[in-house]
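Protein chains: 2
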Amino acid sequence: MVEYRFHHHPIYRRLLEHAGRMNGPDCHLGRLAAAPRRLDAFSATGGGVFYDYSRQRVDGAIMDLLLELAGEAEVERQFAAMAAGEKVNVTENRAALHMAARSFSSTPVMVDGRDAKADLHNVLEQIRLFSTAVHQGEITGGTGQPFSHVVVVGIGGSYLGTEFVACALEAFADKGFTLDFLANVDIHNFAAVWLRIVPEKTLWVVISKSYTTVETMANEDLIRRHMEAAGLNPSQHMVTVTSKGSPGDRGAGRELAAFHMFDFIGGRYSVTSAVGGVPLSLYLGFERFERFLKGAEEMDRHARKAPPSANLPLIAALIGVWNTSFLGYPQTAIVPYAFPLRKLAAHIQQLNMESNGKSVDASGRKLDEPAGTMIFGEPGTNAQHSFFQLAHQGKAFPIDFIGVLNPQTQLDEGKFKGVGHQQELWANLLAQSTALASGASNDDPARSFSGNRPSSTIVVEDLESESVGRLLAFYEAKTIFEAFVWGINPFDQFGVELGKVTAGKLRTEMAARNRDSGHDFSEVDPINRRYLQMLFNGRLA
Amino acid sequence: MVEYRFHHHPIYRRLLEHAGRMNGPDCHLGRLAAAPRRLDAFSATGGGVFYDYSRQRVDGAIMDLLLELAGEAEVERQFAAMAAGEKVNVTENRAALHMAARSFSSTPVMVDGRDAKADLHNVLEQIRLFSTAVHQGEITGGTGQPFSHVVVVGIGGSYLGTEFVACALEAFADKGFTLDFLANVDIHNFAAVWLRIVPEKTLWVVISKSYTTVETMANEDLIRRHMEAAGLNPSQHMVTVTSKGSPGDRGAGRELAAFHMFDFIGGRYSVTSAVGGVPLSLYLGFERFERFLKGAEEMDRHARKAPPSANLPLIAALIGVWNTSFLGYPQTAIVPYAFPLRKLAAHIQQLNMESNGKSVDASGRKLDEPAGTMIFGEPGTNAQHSFFQLAHQGKAFPIDFIGVLNPQTQLDEGKFKGVGHQQELWANLLAQSTALASGASNDDPARSFSGNRPSSTIVVEDLESESVGRLLAFYEAKTIFEAFVWGINPFDQFGVELGKVTAGKLRTEMAARNRDSGHDFSEVDPINRRYLQMLFNGRLA
Chain A
43 MVEYRFHHHP IYRRLLEHAG RMNGPDCHLG RLAAAPRRLD AFSATGGGVF
93 YDYSRQRVDG AIMDLLLELA GEAEVERQFA AMAAGEKVNV TENRAALHMA
143 ARSFSSTPVM VDGRDAKADL HNVLEQIRLF STAVHQGEIT GGTGQPFSHV
193 VVVGIGGSYL GTEFVACALE AFADKGFTLD FLANVDIHNF AAVWLRIVPE
243 KTLWVVISKS YTTVETMANE DLIRRHMEAA GLNPSQHMVT VTSKGSPGDR
293 GAGRELAAFH MFDFIGGRYS VTSAVGGVPL SLYLGFERFE RFLKGAEEMD
343 RHARKAPPSA NLPLIAALIG VWNTSFLGYP QTAIVPYAFP LRKLAAHIQQ
393 LNMESNGKSV DASGRKLDEP AGTMIFGEPG TNAQHSFFQL AHQGKAFPID
443 FIGVLNPQTQ LDEGKFKGVG HQQELWANLL AQSTALASGA SNDDPARSFS
493 GNRPSSTIVV EDLESESVGR LLAFYEAKTI FEAFVWGINP FDQFGVELGK
543 VTAGKLRTEM AARNRDSGHD FSEVDPINRR YLQMLFNGRL A
Chain B
43 MVEYRFHHHP IYRRLLEHAG RMNGPDCHLG RLAAAPRRLD AFSATGGGVF
93 YDYSRQRVDG AIMDLLLELA GEAEVERQFA AMAAGEKVNV TENRAALHMA
143 ARSFSSTPVM VDGRDAKADL HNVLEQIRLF STAVHQGEIT GGTGQPFSHV
193 VVVGIGGSYL GTEFVACALE AFADKGFTLD FLANVDIHNF AAVWLRIVPE
243 KTLWVVISKS YTTVETMANE DLIRRHMEAA GLNPSQHMVT VTSKGSPGDR
293 GAGRELAAFH MFDFIGGRYS VTSAVGGVPL SLYLGFERFE RFLKGAEEMD
343 RHARKAPPSA NLPLIAALIG VWNTSFLGYP QTAIVPYAFP LRKLAAHIQQ
393 LNMESNGKSV DASGRKLDEP AGTMIFGEPG TNAQHSFFQL AHQGKAFPID
443 FIGVLNPQTQ LDEGKFKGVG HQQELWANLL AQSTALASGA SNDDPARSFS
493 GNRPSSTIVV EDLESESVGR LLAFYEAKTI FEAFVWGINP FDQFGVELGK
543 VTAGKLRTEM AARNRDSGHD FSEVDPINRR YLQMLFNGRL A
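Taken in order, these protein sequences are the chains called A and B.
Here the first sequence is numbered in our numbering, starting from 43 and rising by one per residue.
Here the second sequence is numbered in our numbering, starting from 43 and rising by one per residue.
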């Protein structure tokens, strides 16, 4: 790492000046967006996606500087190094090879003398064979009944991406499987899942890289207990997705099968690995999972090859950094006008906030200001009837609008007020980005709209498997490009450690009380002592 | 309204000075929270809820000033005026009587010469009779088969609260009904619902105060079309919840029944009215809905009667205003450590952001700075594996932790690492609030935690119907108290109007093209013209 430091770079200061300039009335978005050829100049198509930033608070000079800053940060070199298997996760001395999981080219990617792509492809082939055998009834549960329920047992990156893709493509889930998620160490979560499934027909997919994640292990333990109580051998109803050699990598005997994950793919980037591959192939069929991978690969190729000024995820990343670090917006909403994308925001929330919510740069130096932004969202038009009052008249924040040209379903839409559902949805999407940008004055301040509220619009032609892969890869690459511009490492997450250690201490106290009802928590700080007493009493008082 | 103006009040300036003081190292939360009796001094119990603000960045002097400010804003008088039926929604000249919907006392509340409570109780009795008759099979669909699917057709406030309560209490849904929500004007949403239901056994509950909400009317139209195509008379499968005299208030003939809503209860405050009452009574049984109302009433009574310094929703509101307007936090997370509360954040997001995301005060004067804050959240521990990296090491934001002492289910939890699931969940909840407040220093900046990150902890004893009502009413009252302190009207939402008008113009353009394929959108601005062309071509290019 050379001496690039985001907040200390001369371009940083120049961009701050431009941010000040953008607050002037001449730079109001209503005016910017009305310029002829604004959309041509501030949009790009690539990797099967259209990205429009014409309603972002930028102009040509700002984009030029942002691209120059990206050059100074060597984002292209870093992205290529990542793709080539270099150990870009410097704090953990690991490569970051989620793109290799969906690379169908023949070029090997060597890590520590092994071809990572060959290892990933072997697992993919194992998934193909396994899912096909399950679908054909060749692999069954202990009683010989075919499987028809899949439950993903995993938390955070082990399920959020899979949940997003499964929801996006559920209209195509024709293998006769239900898919549920058991993430939380919450007895309500377990009870709800247990009620929905038929134990004899259930395949539990336990996902943990280390196979020591407390929530997942507590659930695995509880599943074994309840399956046994139901007279079943849990090992005949369980597969694992885990690291080679982990406590969950015992294969036949203790599990039906173990699918390997690798330390060069982090949880939040793992949807296209076995983490997503096993459950999604069972739920949607292997062929659709493969098409999803190919869509992601298409966007990866674009992200690697497109020149910076036409590179969608890079431009989106620069807009993200601009909005966060220069214009000072504290959050970004993701609002897809497509019900199947309803879990996209939750996935990107994890992907982006866990990657970029950092206080130190990649060399371990404290940043002048923390990186990252808060991500949230709901589908439109639902969001219009929820938080858009604040979006229009409260403190402004940028929004990613997502539109889909052709719906998945051919169901008769009818016409209401002269338009079908899909058209009404688009009328609303376009109206929101327009109204947020332009605003409208009114003599009554309560009915006045200041406008100048930025948004991007992202369009895909359809919601087939490939398009879902493209969107996923777009947001992954955007997240990583943002990190490279900020100069941080998007692949570690030390920020979650302190909570784990603290929970361990409290767990030890609870376990002591479980063994000895006289244990009085005298070693615990007064606030937590009160809570432990409440919990063991079962009463507020 | 007298001359109280939040940003111009002398106490506002004094509190700003205290906010500066709180940034000093002496006021680090790790130190504040360690003070003896901190929890006793900064917590309160009332209305069946425990509220702990000991890990908020306040001290006695600040709380005194905040309470003084609340006094200056006359929040008690305003809250009482609201309860008494005064037209506190000044911009729309309406009362705000959601509390009357769950008031079981005999005191009338007069609005325009009518007893609002009597009207509400008549509707409640109508709900009791109707839901009981449906459960007993006395009211059936057109083919005589009993109903077993309920679909709520409504958007925003017409479903988010109901969805929250239905998820919270689904473990008790023993009436043999499924409950689905058709909110969005998205053909995918309709298709998903249509696939899940059996038309002959389905009761559609169409909810719209004006019965002109575009999304809901487009869905109502589509339902009628598809029910007819299935050979059914849609009117025999539909009830409405709407205003007296609206186009949906035709009762028997066009609908099985019409349940009235009133202009003195806004959508986002309407869960305890017929909006929640009809679907929740069908799904959970009327008795549970009534218990839910009684829990809400208990919290209402506390909010009205408790002295300010012991008034939970008022204190929570003051903390909210303090964090937003003085400490400058741009967002608040709601993280319930209870899977059944997984839709709480989405409901409060709407309730709070639509109420308080305002730029003008209740007299219509522009605020110096917009009010309101961004609300988001996911259940814990899931959230720990998602956005908590940023919560610990990125830009700080306050969190509401919610804990439940006794789970709904008695399922065998087993023991893992010496504790059960419920205990593990609590170990994590307490660990997070502790770690966020205290932080931990480390020679390695990447493993260092600055701490001083505020949170509240809200505890209920169980998740029975009453507790869900208490939580709901707590957040309603908190939202309203915040508004009173900011001096804004939390009951209107003019900010959603511009988008509706703009969507109407675009819809007209689309309808024109549907009628005439030669219509070329020449009147539309260039950016939207390009999108309309894309949409009608079905292609990005």
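Calculated directly from the structure, the hints in this document are not laboratory data.
Treat the hints with caution; some may be incorrect.
[To be verified] For lysine-lysine, the following DSBU-like pairs were computed, each having C-alpha atoms within a straight-line distance of at most 35 Å:
1. B:K286 <-> A:K217
2. A:K243 <-> B:K542
3. A:K459 <-> B:K459
4. A:K459 <-> B:K336
5. A:K385 <-> B:K347
6. B:K336 <-> B:K217
7. A:K286 <-> B:K459
8. A:K243 <-> B:K243
9. B:K459 <-> A:K547
10. A:K547 <-> B:K385
11. B:K385 <-> A:K243
12. A:K459 <-> B:K542
13. A:K457 <-> B:K336
14. B:K457 <-> A:K542
15. A:K542 <-> B:K217
16. A:K286 <-> B:K347
17. B:K347 <-> B:K336
18. B:K243 <-> A:K217
19. A:K457 <-> B:K347
20. B:K457 <-> A:K243
21. B:K459 <-> A:K385
22. B:K547 <-> A:K459
23. B:K459 <-> A:K457
24. B:K547 <-> A:K217
25. B:K243 <-> A:K457
26. B:K385 <-> A:K459
27. A:K457 <-> B:K457
28. A:K542 <-> B:K385
29. A:K547 <-> B:K243
30. B:K547 <-> A:K385
31. B:K347 <-> A:K459
32. B:K457 <-> A:K286
So, going through the hints one by one against the coordinates:
1. B:K286 <-> A:K217: Violated, because 48 Å separates the two Cα atoms, which is more than 35 Å.
2. A:K243 <-> B:K542: Given that 35 Å is the threshold and the Cα spacing comes to 49 Å, the pair is violated.
3. A:K459 <-> B:K459: 61 Å, violated
4. A:K459 <-> B:K336: 42 Å, violated
5. A:K385 <-> B:K347: 42 Å, violated
6. B:K336 <-> B:K217: Within the cut-off at roughly 21 Å; holds.
7. A:K286 <-> B:K459: 24 Å, holds
8. A:K243 <-> B:K243: 28 Å, holds
9. B:K459 <-> A:K547: 12 Å, holds
10. A:K547 <-> B:K385: Within the cut-off at roughly 30 Å; holds.
11. B:K385 <-> A:K243: Since the Cα atoms of K385 (chain B) and K243 (chain A) sit roughly 29 Å apart, the hinted pair holds (cutoff 35 Å).
12. A:K459 <-> B:K542: 14 Å, holds
13. A:K457 <-> B:K336: 43 Å, violated
14. B:K457 <-> A:K542: The given pair, whose Cα atoms are some 18 Å apart, holds under the 35 Å limit.
15. A:K542 <-> B:K217: 41 Å, violated
16. A:K286 <-> B:K347: 62 Å, violated
17. B:K347 <-> B:K336: Distance of about 16 Å is within 35 Å: holds.
18. B:K243 <-> A:K217: 26 Å, holds
19. A:K457 <-> B:K347: Violated - the C-alpha atoms of K347 (chain B) and K457 (chain A) are around 52 Å apart, more than 35 Å.
20. B:K457 <-> A:K243: Distance of about 26 Å is within 35 Å: holds.
21. B:K459 <-> A:K385: It holds: about 33 Å lies between the C-alpha atoms, which stays within 35 Å.
22. B:K547 <-> A:K459: The hint holds at about 12 Å.
23. B:K459 <-> A:K457: 59 Å, violated
24. B:K547 <-> A:K217: 43 Å, violated
25. B:K243 <-> A:K457: 26 Å, holds
26. B:K385 <-> A:K459: At roughly 33 Å apart (the allowed maximum being 35 Å), K459 (chain A) and K385 (chain B) satisfy the hint.
27. A:K457 <-> B:K457: 57 Å, violated
28. A:K542 <-> B:K385: Since the Cα atoms of K542 (chain A) and K385 (chain B) sit roughly 25 Å apart, the hinted pair holds (cutoff 35 Å).
29. A:K547 <-> B:K243: Status violated; Cα separation ~53 Å.
30. B:K547 <-> A:K385: 30 Å, holds
31. B:K347 <-> A:K459: 50 Å, violated
32. B:K457 <-> A:K286: Measuring from Cα to Cα gives roughly 27 Å; hence the hint holds.
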